[in-house]
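Given the sequences, and given the hints that come with them, work out the whole structure.
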Amino acid sequence: MSQPTPRVRFAPSPTGYLHVGGARTALFNWLFARKTGGTFVLRIEDTDQARSTEAHTQVILDGLRWLGLAWDEGPVFQGAEGARHRGDAERLLAEGKAYRCFCTKAELEAARKLSPNGGDGFKYDRRCLHLPADEIARRMAADLPFVIRFQMPDEEIAWDDAVHDRIRWHGRDLDDLVILRSDKTPIYNLAVVSDDIAMRITHVIRGDDHISNTPKQIALYRALGAPIPVFAHVPMILGADGKKLSKRHGATAVGDYQDKGILPAAMRNFLALLGWAPGEDREILAEADLIALFTLEAIQKKPAVFDPTKLEWMNGQYISAMAATVLEPEVRRHLSRLGVDPGDRSILAIIDAAKPRARTTSNLAERVAVRLDPTRAALEPKGQALIEKMGPAYRASLEHAIAALEPIGEADWTPEPIFAALKARADAHALKLGDAMQPIRVALTGDTVSEPVNELLAVVGRAAALATLRRAARGE
RNA sequence: GGCCCCAUCGUCUAACGGUUAGGACACCACUCUUUCACAGUGGUAAUACGGGUUCGAUUCCCGUUGGGGUCACCA
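Oh and the first sequence: position 399 is 394 in my numbering, straight run, nothing missing.
Calculated directly from the structure, the hints in this document are not laboratory data.
Quantities reported herein were computed from a predicted structural model and do not represent experimental measurements.
Just to be clear, a hint being listed does not mean it is correct.
DSSO-like mimics (lysine-lysine), calculated; alpha carbons at most 27 Å apart, straight line [as the list claims (entries may be wrong)]:
{"id": "1", "residue 1": "LYS418", "residue 2": "LYS384"}
{"id": "2", "residue 1": "LYS305", "residue 2": "LYS239"}
{"id": "3", "residue 1": "LYS242", "residue 2": "LYS255"}
{"id": "4", "residue 1": "LYS242", "residue 2": "LYS297"}
{"id": "5", "residue 1": "LYS108", "residue 2": "LYS118"}
{"id": "6", "residue 1": "LYS377", "residue 2": "LYS418"}
{"id": "7", "residue 1": "LYS297", "residue 2": "LYS30"}
{"id": "8", "residue 1": "LYS296", "residue 2": "LYS238"}
{"id": "9", "residue 1": "LYS242", "residue 2": "LYS296"}
{"id": "10", "residue 1": "LYS100", "residue 2": "LYS179"}
{"id": "11", "residue 1": "LYS255", "residue 2": "LYS239"}
{"id": "12", "residue 1": "LYS297", "residue 2": "LYS239"}
{"id": "13", "residue 1": "LYS427", "residue 2": "LYS384"}
{"id": "14", "residue 1": "LYS30", "residue 2": "LYS296"}
{"id": "15", "residue 1": "LYS118", "residue 2": "LYS179"}
{"id": "16", "residue 1": "LYS92", "residue 2": "LYS179"}
{"id": "17", "residue 1": "LYS377", "residue 2": "LYS305"}
{"id": "18", "residue 1": "LYS242", "residue 2": "LYS305"}
{"id": "19", "residue 1": "LYS92", "residue 2": "LYS118"}
{"id": "20", "residue 1": "LYS427", "residue 2": "LYS377"}
{"id": "21", "residue 1": "LYS238", "residue 2": "LYS255"}
Next up, the structure:
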């Protein structure tokens, strides 16, 4: 028998930004679809009218596009499918697999309070399941509000999870969940199953936190007589403290990383390696490699801690490997945010000079900005430390540099003559080259890290460089 | 608390039941470099604990401990 072409979906609810955990779930779905020649569907689960917004939907779509995760179908909006959801609920009711429950929220709340754990683990006592037919008719005639509850079968519910292997539950541990509210709108678990059936989803790849929903949903699939898809529950992403990643851990939205100057390719690469590894110690992987090597079975069972430092390292690898022309648009975006206008000046040479040391494009742009205009340089702690350590020698060294550089004309202001002049002066005055160079670097950039000093001087330009050195030599 | 999931360096991870338990980030040292970085080389660092099964357990089984998830007319 032939396997149907895989159909997967990413189904965020538009109640907030695109979380990195959600982004990774989307990425795994996308990788699986690309790998198998399947279809990646985007579904927006907006049945919670109170919390869903159009703005959130846009942020999520933008985030997916930024990451390069193109969907093949959709976005389809769950809220538009209310009639089908209701139809499925009523069908279960008609078939005796669900029942009307007239209990009010207040009644349920009271019962919950009286239960052993203050509501946790509370199970509905099925009092409405046993209502006589004439009583139901009486309440219906009286127009009393009711919900539709699914009658959870007393049987084993297990499945072969693609990442966890066999997971077993039992219906007796599960509540008779409400599937249709008294206002006839569907509850999440029904809407999801109804949609996944209608969309012919074959593989449900989602977060670990849905494991406890899966037995409920499988029971619904069975009751609806639909084939059960393959489930793959990917582990959570945690913060450094081992708790579920959330706002208090800092940046958790994909947009935050975009703003910080993380490249989409690096973000995608990093996220793919959180809970998944291709083997052979491979880490920097192009899109095609990611797709070729991806399998659900290789996904880790345990949660992964999000390490921003490694993300930045990886981003630096991508930045170093990219051509200045490719980086330029992004750098210019950050420059304008910094209020810097390069005017007619080409910034390609500056990008090339600065990119091996930058870990984010925003940091790269800051470095470019300082080279465009050294007066922007802010003294870093390490730069400050160097000045203090050298004492009077700092200014003396700068005086030597100025004396060496002034004779060089505008036309000869290139790395080689600059180096020759500095070297000659240092030799003549028995100055160690390190002591001659480092003060220039600090004066020009405020930092102790940059491209070679002669290249730095060339990139900054004669007039600006000399002016800055004179100012620094005067102690300004 | 019930139910469910999970457990290799600080972190991300590799290891047909047989390896000096490998790689990467971070950290330290050295080399290279006019300085800094990049890079290269080396180093510190892990199989949670206890029982089995086996000639032999990181690996299979059970238990303990620890961590996580979830228990709504939210999604």
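The hints, checked one at a time:
no.: 1; hint: LYS418 to LYS384; in the structure: holds, 22 Å
no.: 2; hint: LYS305 to LYS239; in the structure: holds, 19 Å
no.: 3; hint: LYS242 to LYS255; in the structure: holds, 16 Å
no.: 4; hint: LYS242 to LYS297; in the structure: holds, 22 Å
no.: 5; hint: LYS108 to LYS118; in the structure: holds, 12 Å
no.: 6; hint: LYS377 to LYS418; in the structure: holds, 24 Å
no.: 7; hint: LYS297 to LYS30; in the structure: holds, 24 Å
no.: 8; hint: LYS296 to LYS238; in the structure: holds, 16 Å
no.: 9; hint: LYS242 to LYS296; in the structure: holds, 24 Å
no.: 10; hint: LYS100 to LYS179; in the structure: holds, 15 Å
no.: 11; hint: LYS255 to LYS239; in the structure: holds, 22 Å
no.: 12; hint: LYS297 to LYS239; in the structure: holds, 13 Å
no.: 13; hint: LYS427 to LYS384; in the structure: holds, 15 Å
no.: 14; hint: LYS30 to LYS296; in the structure: holds, 21 Å
no.: 15; hint: LYS118 to LYS179; in the structure: holds, 22 Å
no.: 16; hint: LYS92 to LYS179; in the structure: holds, 17 Å
no.: 17; hint: LYS377 to LYS305; in the structure: holds, 23 Å
no.: 18; hint: LYS242 to LYS305; in the structure: holds, 19 Å
no.: 19; hint: LYS92 to LYS118; in the structure: holds, 18 Å
no.: 20; hint: LYS427 to LYS377; in the structure: holds, 20 Å
no.: 21; hint: LYS238 to LYS255; in the structure: holds, 23 Å
Violated hints are absent here; each numbered hint is respected by the structure.
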